[in-house]
Amino acid sequence: MLNQLTFLLGMAGLSQHDSARAQLWQTRLHWPMFLVTLLTIPAFYLELVAPTPTFGNAGRILYGVVVLAYVAHLVLMCRLSHARAGYLRHNWLDGLLLLGLLFSQAGSMGIWSGLEWVLRMVLVGLVLLRLLGYLRHLFTPQGVMPIVLIGAATLMLSGAGFYWLEPGIHSYGDGLWLAFTTGATVGYGDVVPRTSAGKVFAVFVVMLGFAIFSLVTASIAAFFVGEDERQMRHELHHDIKALRNEVAALRAQLNSGAAQNKISGS
-19 MLNQLTFLLG
-9 MAGLSQHDSA
1 RAQLWQTRLH
11 WPMFLVTLLT
21 IPAFYLELVA
31 PTPTFGNAGR
41 ILYGVVVLAY
51 VAHLVLMCRL
61 SHARAGYLRH
71 NWLDGLLLLG
81 LLFSQAGSMG
91 IWSGLEWVLR
101 MVLVGLVLLR
111 LLGYLRHLFT
121 PQGVMPIVLI
131 GAATLMLSGA
141 GFYWLEPGIH
151 SYGDGLWLAF
161 TTGATVGYGD
171 VVPRTSAGKV
181 FAVFVVMLGF
191 AIFSLVTASI
201 AAFFVGEDER
211 QMRHELHHDI
221 KALRNEVAAL
231 RAQLNSGAAQ
241 NKISGS
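Each residue of the sequence shown is one higher than the one before, starting from -19 at the first, in our numbering.
In short, the hints are calculated from the structure, not lab data. Heads up, none of these hints are tricks.
Derived DEER-like restraints, expressed as beta-carbon distance ranges:
| no. | residue 1 | residue 2 | range |
| --- | --- | --- | --- |
| 1 | L79 | V183 | 21 to 31 Å |
| 2 | T175 | E96 | 12 to 22 Å |
| 3 | D219 | V172 | 51 to 61 Å |
| 4 | A63 | A229 | 49 to 59 Å |
| 5 | C58 | A164 | 38 to 48 Å |
| 6 | R1 | V51 | 16 to 26 Å |
| 7 | L56 | N225 | 51 to 61 Å |
| 8 | L234 | A63 | 56 to 66 Å |
| 9 | R8 | T165 | 35 to 45 Å |
| 10 | S151 | V196 | 23 to 33 Å |
| 11 | V128 | S(-1) | 33 to 43 Å |
Glycine included, each C-beta is placed from N, C-alpha and C at the ideal position.
Build the full structure now, drawing on both the sequences and the hints.
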């Protein structure tokens, strides 16, 4: 089911029958590309806040780094893959994300228009989708701890983000509390985002909170289901072994009885 979903969303990766070298490089570049994709988040807010041109330029530089990384990744994988057209067709999200990042470089440095807001929101949505795609290998019972650690890191970074974006947040602790109540969708109301940048950031924190809490819950449930399945398999193997021993004993008895009858008849 998960493989079908990633295929439909353009994150299928390489075919299992592709070259071994391409498979090796896809594995090597998995987490570096995940970290590179994360750079789009601070780039977005550096351009959004941009109290000085330096901040806006720093955001554009980060976007440029991500663009170069995606171009290099696509070029490398196309060179190594035996089915270049198939690779591009099955990983269309990377190409779409690359186009969005390129167009973002042509955006204005001042206040964003309504259309530009919509396009940038779409781009951020694609980025979040791609980040979840990089984490899909953790959607297993063995991935509980990595997902919990990623959730904790996301919470700490979100707290720093609120502390930076919101003038009314006077300490990192308040920013961390706002990040937790926002991501957990508790919304006590004692601390709330008030600036446009903070409200947009809160939207993404809610989306990430939903995703991470859901993944943690699903992983824990899968862990316990896996434990039950292992126990059932163990019991099944034990019953099969006992049944085989009983069949062997019955066969031995039958053979012994047949031998005695043969001796008596002779």
